[in-house]
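So the protein lines, in turn, are chains A and B. Once you know that position 48 of the first sequence is 238 in the numbering used here, the rest is easy, because the numbers rise by one and skip nothing. Once you know that position 125 of the second sequence is 315 in the numbering used here, the rest is easy, because the numbers rise by one and skip nothing.
Hints are not guaranteed to be accurate.
Intra- or inter-copy, both count: the list cannot distinguish identical chains.
[Claimed, not checked] Simulated crosslink set (DSS-like; lysine-lysine; CA at most 27 Å straight-line):
1. K354 x K239
2. K397 x K216
3. K348 x K281
4. K397 x K344
5. K216 x K354
6. K344 x K267
7. K344 x K282
8. K282 x K239
9. K281 x K354
10. K239 x K362
Note that these hints are calculated values from the structure, not bench results.
2 protein chains.
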Amino acid sequence: MLDDLDLKEIVQKVKEKLSEMSGYPKVTINVSARHVHLSSEHLEILFGKNYRLSPLRELMQPGEFAAKETVIIVGPKGIIQNVRVLGPVRKKTQVEISKTDGFVLGIDPVVRDSGNHEGSSGCVLVGPAGGVRIEEGVIAAMRHIHMPVQFAEKYGIKDRSFLKVLVEGERKVVFDRVLARVSDNFALEMHIDTDEANAAGVRSGDKGFILLE
Amino acid sequence: MLDDLDLKEIVQKVKEKLSEMSGYPKVTINVSARHVHLSSEHLEILFGKNYRLSPLRELMQPGEFAAKETVIIVGPKGIIQNVRVLGPVRKKTQVEISKTDGFVLGIDPVVRDSGNHEGSSGCVLVGPAGGVRIEEGVIAAMRHIHMPVQFAEKYGIKDRSFLKVLVEGERKVVFDRVLARVSDNFALEMHIDTDEANAAGVRSGDKGFILLE
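Next comes chain A alone, as it looks inside the complex:
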């Protein structure tokens, strides 16, 4: 299908693209499926007195892990089973679902950064030892990039500023309003949810380019 002219044009475009991209910092993207962070109080209600989470695998952010434990999310219209619990425990219970999950549950999750539950919905969580109703904390996580201070300083990125991130591929997109989260406790990593991953044709481990202005 390719004649010489096409080929020449493609080579030219690829070269332009590479040189264009070389100045932009790369970031590894990981896709967050639905998951739950539990407070120690809720952990005990759902799994039993003095219960401790069992790590299943470490996550990229230092100290964070996917636990062996799962819970059931119950909404007014439906339930979702086998929802992974992430550890360690947090101050407040937080349920992170996609908008698509929201249709199944009958809950429209607000888009919020982690820990910001203002205006968010509640749900019921069920574990092997019991159930708990949370009044708020069901969110669709705002896409974000964890980054160490040194990285942020190198590129002049301020904590909680918004970035643009380009993702190449057949569903190429520029994600705008990507929240920068800067801390020396963080490894460089971008998080998007499954809706965003599917829309952009992204799999965990793919790279994005931070389009600095």
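Given chain A, work out where chain B should sit, using these hints.
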């Protein structure tokens, strides 16, 4: 929460944004949920001899309609019920699902423009009168803009070229690789699937801006 300085800054930014945008053509975005186009042969197998689709509501593209009829999609891992049939009948049966639907069914849909079934998966469809196995035709529709010739000519857009479309909002994105489809049978309308809509926080009827270069 807003002091005068903030407010001034916001007004300024909105003004800048409006003037920046005013040069770009707007397009109405409609969200395509999963649906099926049937060949007349498959329509008869699924619904009975000499069966005719009953229009439920007209779609924006002239002559196209959502039918009252629904089918069941069966994949190796699961089924999806109540999948809307769109009319009129087409030469080839085509099943349009999201990547998310693909996980439920156990089918990974390739991203293709309508009618291009190269390398696509098959599935089983079930209707009230019977079932049919299709060998190919299950796709995730490539996002696209239908446009009349006059509009395309005005902005120098070629049929089957790729466009960039900006969508404002809390999940602001620039969709790249949006396929232009030019014909005098078309009304100006952009189609994205539910994954893309959720990722960008778009509802049917929202507007996008075509970022001409």
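Going down the list of hints, with the structure as the test:
Taking the shortest alpha-carbon separations for K354 and K239, neither the intra-copy value of 45 Å nor the inter-copy value of 54 Å comes in at or below 27 Å. Taking the shortest Cα distances, K397 and K216 sit within 27 Å of each other inside one copy (6 Å), while across copies they are farther apart (31 Å). In this assembly of identical chains, the alpha carbons of K348 and K281 lie at most 27 Å apart only when taken from the same copy (26 Å versus 55 Å across copies). Within a single copy, K397 and K344 get their C-alpha atoms as close as 19 Å, which meets the 27 Å cut-off; across copies the closest is 37 Å, which misses it.
In this homomeric assembly, K216 and K354 come within 27 Å of each other (Cα to Cα) both inside a single copy, at 12 Å, and across copies, at 22 Å. Neither within a single protomer nor between protomers do K344 and K267 lie at most 27 Å apart by alpha-carbon distance, with minima of 48 Å and 47 Å respectively. Taking CA atoms no more than 27 Å apart as the test, K344 paired with K282 passes in neither setting, with 33 Å inside one copy and 55 Å between copies. Taking the shortest alpha-carbon separations for K282 and K239, only the intra-copy value of 18 Å comes in at or below 27 Å, while the best inter-copy value is 60 Å.
In this assembly of identical chains, K281 and K354 lie within 27 Å of each other by CA distance neither inside one copy nor across copies; the values are 30 Å within and 42 Å between. For a Cα distance limit of 27 Å, the shortest separation of K239 from K362 qualifies neither inside one copy, at 48 Å, nor across copies, at 44 Å.
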